[in-house]
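Note that the protein sequences, when read in sequence, are chains A and B. With the working numbering applied, the first sequence corresponds to residues 1 to 412, in that order. With the working numbering applied, the second sequence corresponds to residues 1001 to 1412, in that order.
Just so you know, these hints were derived from the structure itself, not from any lab. Incorrect hints may have been included.
Claimed, not checked - Listed below are the simulated DSS-like cross-link pairs for lysine-lysine, each with C-alpha atoms no more than 25 Å apart in a straight line:
(1) B:Lys1192 x A:Lys103
(2) A:Lys24 x A:Lys124
(3) B:Lys1103 x A:Lys124
(4) A:Lys103 x B:Lys1024
The lines below spell out each chain.
There are 2 protein chains.
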Amino acid sequence: MPTLVMKFGGTSVATLDRIRRAAKRVGVEVAKGYDVIVIVSAMAGKTNELVGWVQETSPLFDAREYDAVVSSGENVTAGLMALVLQEMGIPARSWQGWQVPLKTTSAHSAARIEEIPPENINQKFAEGMKVAVVAGFQGVSPEGRITTLGRGGSDTTAVAFAAAFNAERCDIYTDVDGVYTTDPRISSKARKLDRIAFEEMLELASLGAKVLQTRSVELAMRYGVKLRVLSSFEEQTDTSGTLVCAEEEIVESNVVSGVAYSRDEAKMTLISVADRPGIAAAIFGPLSEAGINVDMIVQNISEEGRTDMTFSCPTDQVARAEAAVKKAKEDGIINFHALDADTEVAKVSVVGIGMRSHTGVAAKMFEALSAEGINIKVITTSEIKISVLIDRKYMELAVQALHDAFELEKAA
Amino acid sequence: MPTLVMKFGGTSVATLDRIRRAAKRVGVEVAKGYDVIVIVSAMAGKTNELVGWVQETSPLFDAREYDAVVSSGENVTAGLMALVLQEMGIPARSWQGWQVPLKTTSAHSAARIEEIPPENINQKFAEGMKVAVVAGFQGVSPEGRITTLGRGGSDTTAVAFAAAFNAERCDIYTDVDGVYTTDPRISSKARKLDRIAFEEMLELASLGAKVLQTRSVELAMRYGVKLRVLSSFEEQTDTSGTLVCAEEEIVESNVVSGVAYSRDEAKMTLISVADRPGIAAAIFGPLSEAGINVDMIVQNISEEGRTDMTFSCPTDQVARAEAAVKKAKEDGIINFHALDADTEVAKVSVVGIGMRSHTGVAAKMFEALSAEGINIKVITTSEIKISVLIDRKYMELAVQALHDAFELEKAA
């Protein structure tokens, strides 16, 4: 039998009625002849409640106990989903991480999946079980303790199961009906994409399009798992949602696939840094140790042996970044004249695998922003992405202007 | 190191503050030099929520999934308790049933404990762990699935651990401060007992004194586990609460230890039954098959080959009992003239191991009731108990009168 993995997120299983609705979707796939592995999250809100309790016990809690507590939400959903499927006449049973077993490292709260031996579940499929409902987000360490994979870990669980069971596809049911050319709340012209390449999805995800957890997309790319994102709240057909797949499976696409944004960015500039080999390492070493998520980095042209170094990071890390840089100065590791922090910026990016074979994307982007009078503060580029930092107040305008300029409302 | 088992029920761990309070009690015992095994229930209300969800999915749910869902509440408390203890500087970790492992039969939702190998936990004690926090009420079946022991199973878990680890004592922390001579809500003279025999506790528990689950008392009696019932809401000394122990450890006691009652009883009488060998089996077989909890049974003196047969059962089972008896008549299994159901009765009992060596208890009981003008409808006796059915409206009066007559307000 071909195997299908279906993953339902917290809002898709928030109530018994929603679990029933999700179960109906599972029933449709079972009727098509699939052996189905369903990965479930905790009912919406439950994980936050559990995390809140743990945090209240102690600021520096034992991550092993955190995992033991927090993983319980998924167990509840898995059992309920199995019960609802049985009530529909579908042979189903629930599996907790340790029962599969989903083996992970011992890095509690951020464990990595090491192995998913398929034997136990396959044996039940062979005995007539049609659906294995697996509690997402959790596994078991070599020491036999419960681990969790970190927030959004249920997406990763789903993709890992799809890889381990050679599933035909991994369907991620969520509260949006697919991946859009941009955020529909910002541009009413946003269009749902039928297909998107793994690489594009990675750029969109890390840029703030929070549809899929980045790790799950990386894993899908590595193992060639076809991922489909679709809504658990709408009737589905075979072409519903967005398929995240290898570049080769996308026949036609626009040069630019989407416009992403990240609102809470800050731009920090070290003015007049001594320009010498190793200076970047001297600056970004201490920032990394302080846990700052440095994103864009730009070094200006050096004049008379000194240069300006600009980088961006999330707004809420600015204070920590300033402290780290100042301490590095005090310690004599780096030297600069002034530190300038601009916390009123946002990042806007255009993303598309078509850029690899098309030129002129950057020029068109800058032109569109210029036509709206938007000043660009920092630019970075990669093979399939161009990002700019701009004043935050222009963010929505910039997204709309770029969506129009690249005519993303039209399919290729 | 001597081992102590401490069990905290749902109300004792209902909030983080209460868990902290319970943890302080644990800390006191650790300071005395004990290795402590803490058994925890789910936070009050949580199990009911989970059971409600399961029941909503299906009237005839799969008990294996029920267990997987319902056991999650205890896991949460166990993790939180371990975190709070760690925060107090006490080396502690949580254990779920399958991690111990607490091995049970496969009778899901009503599993029996088969074995608790102490090696895993003892190894951690040897490594310096001071407290093992174990999720109560749950275990693992030979098939590797999660089982639960039925309602109140955490008491049973606690006693089983005390037996498996040869604990010095098993302290059951609850929302009452011990076992009383009768319900203090009914008689203001009710007195807390310092000690009570296992046998007495069993009679009191099954008669409605819901302090300890019957199974846990049976288990404690079989393995000679000293049980102490005490309040988690009061400061404790070494003589707090009530010790439930073997008869031999009770030096002095009143002839009668307590007065128990059961409010919602019904008395049913089959009038003019053909009196022949096997008639009792013919009547009570069908009732047993219908799941009726028949309690007292009285057969009147036979006259001319016919007799009246009276039995009691819970009020809410009367309709089912009537149906079962009538069907047995239609099927020709039994024959009687009329069926009389009195649903306005209550049961009152006096219990005491002293009855074994003292006579006149029954006479004194009947006299006390007679002095209040209370008519006795049915009488049954056992070695350490005398029970009567009376009109429900006299129940409180009867309890008070008996408490006075046997002077239970005075210690032996």
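In ascending order, which of the hints set out earlier in this document are inconsistent with the structure?
1 and 4
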